[in-house]
Amino acid sequence: MSISSILQQFHRIYAGHVEQVRLLDRFSNKSTNGTLYLTATHLIFVENSSNNSTSILHHHIASLEKLSLTTTGCPLVIQCRNFRVVHFVVPRERDCHDIYSSLLRLLRPVSYEELYAFSYNPKQNDQQREEGWQLIDLGAEFERMGVPCDQWQLTDVNRDYKVCETYPRDLYVPITASKPIIVGSSKFRSKGRFPVLTYFYQEKKAAVCRCSQPLSGFSARCLEDESMLQAISKANHNSRFVYVMDTRPKLNALANRAAGKGYENEDNYSNIRFQFVGIENIHVMRTSLQKLLEVIGTRSLSMSDYLVGLESCGWLRHIKAIVDAAIFLTKAVTVEGASVLVHCSDGWDRTAQVCSLGALLMDPYYRTIKGFMVLIEKDWISFGHKFADRCDQLDGDSKEVSPIFTQFLECVWQLTEQFPQAFEFSEWFLLQIHEHVHSCQYGNFLGNNQRQREELQLRERTHSLWAYLMSEKDNYLNPFYSPAYSESHPVLEPSTLPYHFKFWRNMYHQFDRSMHPRQSILKTILTLRENSRKKLQQLGVTPIATSDPPAPPPTRDQRSNSNALPPRPDSLILGAPINHKEVQRQVEDDEQEEVGEEATESTDTERTVEGSSGTESRKQSYGELEGTYNTELAKEEPAVVSLEFGVARMTC
Amino acid sequence: MEFAELIKTPRVDGVVLHRPFMPTVEGTLCLTGHHLILSSRQDNTEELWLLHSNIDSIEKRFVGSVGSIIVKCKDLRVIQLDIPGMEECLNISSSVEALSTLDSVSLMYPFFYRPMFEVIEDGWNSFLPEDAFKDLESMTDEWRLSEVNKDFSVCPSYPPLVAVPKDVDDDTLRKVATFRHSGRFPVLSYYHKKNGMVMMRAGQPLTGTNGRRCKEDEKLINATLRPGKRGYIIDTRSINVAQQAKARGGGFESEANYPQWRRIHKAIERANVLQESLIKLVEACSDQSHSMDRWLSKLEASSWQAHVKEILTTACLAAQCIDREGASVLIHGTEGTDSTLQVTSLAQIILDPACRTIRGFQGLVEREWLQAGHPFQQRCAQSAYSNSKPRQEAPVFLLFLDCVWQILRQFPCSFEFSESFLVLLFEHAYASQFGTFLGNSAAERAKLSLPEKTVSLWSWVNRPQELERLTNPLYEANSLVIWPSVAPQSLLLWEGVFLRWNRSSKCLDEAYEEMVHIIEYNKELQNKVNSLRRQLAQLETEDPLLQTP
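Chains as they are written, first to last, in the working numbering: chain A, 1 to 652; chain B, 1 to 549.
Honestly, the hints are just simulated from the structure, not real lab data.
Don't take each hint at face value.
BS3-like mimics (lysine-lysine), calculated; alpha carbons at most 27 Å apart, straight line [what the hints assert, rightly or not]:
| # | chain 1 | residue 1 | chain 2 | residue 2 |
| --- | --- | --- | --- | --- |
| 1 | B | K280 | A | K534 |
| 2 | A | K331 | B | K134 |
| 3 | A | K191 | A | K179 |
| 4 | A | K291 | A | K370 |
| 5 | A | K187 | A | K250 |
| 6 | B | K60 | B | K134 |
| 7 | B | K150 | B | K194 |
| 8 | A | K250 | A | K179 |
| 9 | A | K261 | A | K291 |
| 10 | A | K370 | A | K204 |
| 11 | A | K261 | A | K399 |
| 12 | B | K280 | B | K246 |
| 13 | B | K166 | B | K246 |
| 14 | B | K506 | B | K528 |
| 15 | A | K399 | A | K250 |
| 16 | A | K291 | A | K30 |
| 17 | A | K123 | A | K502 |
| 18 | B | K229 | A | K473 |
| 19 | B | K166 | A | K534 |
| 20 | A | K123 | A | K191 |
| 21 | B | K60 | B | K280 |
| 22 | B | K194 | A | K30 |
| 23 | B | K60 | B | K523 |
| 24 | A | K502 | B | K280 |
| 25 | A | K502 | B | K506 |
| 26 | A | K502 | B | K298 |
| 27 | A | K291 | B | K8 |
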């Protein structure tokens, strides 16, 4: 791809470029020379030798650091929210400073209108855009669950965002909860987030409700709130009590009492069973991820330091705590048939994690591609997870940033590892969602709540990610998915023994080629499936719709059918004999394009490298070959050194 | 019959078997000379046949009049048998204990086992050194096959035939043998066809504290270098350990005496440390507590993954010297029978595509482990649950298999065999009906007349039905050198061995089947396309009108 065409693709003001920039690999001594281009939305590095390019969306940049000048130039280290870390060396300090200060200006937008989503144009007309936004319909989703029903109804109390401005307009509550009860209860709950329905388990008529912490302090009580919980309890005839899950550690909840908040007193509420679950707060999670990234970013990391680091950063412990809480919720609902009310402090972080993960365990629908979008739309977007604050969309309070949603995606990934056949989507789907939660390229995740999104007129002015993902659904299919499995295992019962939780290399080392297997089973199988599809076409059989996911069932009938086809030349599009390898290569090429980001961002080839041919030899060194005659130097864990005789280039 | 004396109670009824993730089975327990058998005596239900030699340790527990014995196996499985009657329980447990710790090799099951299958190809003759040498001869004439060790007198742990540089005569070899640990003079391990570089292995040189040297040794080693070329000596011990070895008569090659060689020290741990590591790892894996911190800290404390990383790194380094640097390599540790073999065999997996086939891998195990004198019987006498004081036990071979598995995970399409082949080798190295892994060296195996008296594991493996089970459905021959990543983030715990009995593998197995299904379906379609294409071609030749202009 030529440079001008890359730049053309971006349709942006071209702000300048610097030549002879070196891009250093984070884990080896490898470096590539190229030219760095700065546009209004992207930073693009084009390699001299191959014209391969790396493009970084400004919104993805989490931090930017200009290191002190070296003999070869001025180093610029960029850390991205999608866990890409790039290290440039710019020959002249002045150029480096120019890029640095331009980026600083560009990557801290102060108003939503500056975000990429408002200028991003995938060449769709208004009607297509509108259809994209209509893809997910939460009203239909509640209907699918069986709501409204004889016990639950839609309330219009929040139609104008009067009762709770961080909730959506449409809310479902028990029929016995009258307006005064709702309003009273909302006044007793932090940020007005009163108990509402988020998932209805039809089989047992048990409900999963969510809210924020009660403003109970040391002794305050609220009759309306008590009636609200009573109403939730009464709406379920299968159980005499409601579980109230406070997802915080008890200590945190106790501390909140001093601030006039706190948790439900079992004496004041009849028929509740109160339970702490102990998920840490956003600050702990933020620090934990920082520590994790620090550990895994270390060069020549020893196994011991890696495992110690993995333990001390606590990341997997937090992931496990969230899964544990979701399992508790699932068991209460599906086994005991009890309704559960989940809250944390404000009810938009831990509560969202636990409710959505619990629903995913209970309901196979959420394990499909469409269903997973619905789940995110419902429990995260509509119920007001503060994406803008947590993902640092605008220049704001860094204390509000936290990887809560990333954790949710990781929990889902951990489950896909335990249940390889239960999910319609593969890991690539999760990675792509993660990418775009931070890209600000689509409107879905902008802002902190629905009200804000309406004010920003996102539906009119931006595009929906779901429509885009749906349009390339084939790329995200899990070839091992079995709807039959979901039918026989509607509720997943994962094991939470610690060794089931693994480090998610494909997320946190997404862009570090050297860390990845050179051949990937997922990619190979997807290629095979694609081959099969093409062969079926060649054989004149209508391609099996990939949206109908059971692996093409080669039933005897079908086989004999296609065998029985007369060898009519026109059914075989075989002008020239195609050898097997060629087909495969062709498919691989196709896929590379498809799996990468869409055309305007297709420069991001590293994403697809995961399963590259396995033929490329890895440019890495396994140890020290030089300096070994001096026995003093033969240390246990040698630094990575170049291999040429007599040239020991130690790198920092 | 000696076994009868050891079996105090041959049969108990009403025994209940507990296994994790499987329903309990009630039935009759029988003890034979070599097996512990539990049969439910109901039609078609599975029976438990456990080789006594697979039992690592046994524990007794009593609740009222029901005794339980907990049997811990060398393949890391743990089962529990509830046996009614105190006396029966005591008898069974002491019998099993005695039968599982028989000292005499000739009483082992392989000497009694008669194959229930037709031996198509006798595995004892499948991988003879002379055959391997024929391959080498086709590539180079710089090496010869020496019979200097034909009566095992020069080096008791070497096979009768070894490949050595052509210009070095047997007398020189005899002299060199006196200068190397256990007589293990440098021999050829691998010839890299691409550039003619070689990998050799040996025991440590016996330089001692006063820096003894041996002209013949220097001559032999230098004979492997092409003019003007230099080589690398990879010592699998840290420099400190190597220094300390001098005090016990061992040592390493000094620069002064071997000026054409660069020496590199890597620290691969020795037998007892590795055994300790295995015990800790298995203990960590069976910990059922739900604490993440505890798991990670126990995993770290076991150091198992660190050993895997170190061994792989050293093997990669050796491969790098040969393939990238175009230099020959000599590898040794102390004896040259443990870490040395891990490195030489793994380097071949990386460099040589032939070693990644099922048959090639068997050949590798045969050449680099069995013939090369890895003391299997000593190393695999006990596994992770042993209560007895470790003597010579060490999971050296298991670590090698783990490293192979790591490479397999990173190159899932480049190996003809699947993980199950590696697991199978692990099981049979520790307890087997086949004679392959009995004895500690070629000499011992010859003395025991194993080829005449026992069946080879390879005879069993190399049958179509068995091969099918062990084949990797994703395999597509890859003729290149494969460089694995040795970053800690890229190395995983080998769940197929260490968590095999601690988790339910149902979901994973089903997904694997689905994968096989997709691959087969694709092959089927390919065949169909091919056959239609042939028909089309035929039609075209028959009817010229159909041909497109």
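**Hint numbers not upheld by this structure, sorted from lowest to highest** = 1, 2, 4, 6, 7, 8, 9, 12, 13, 14, 17, 18, 19, 20, 23, 27
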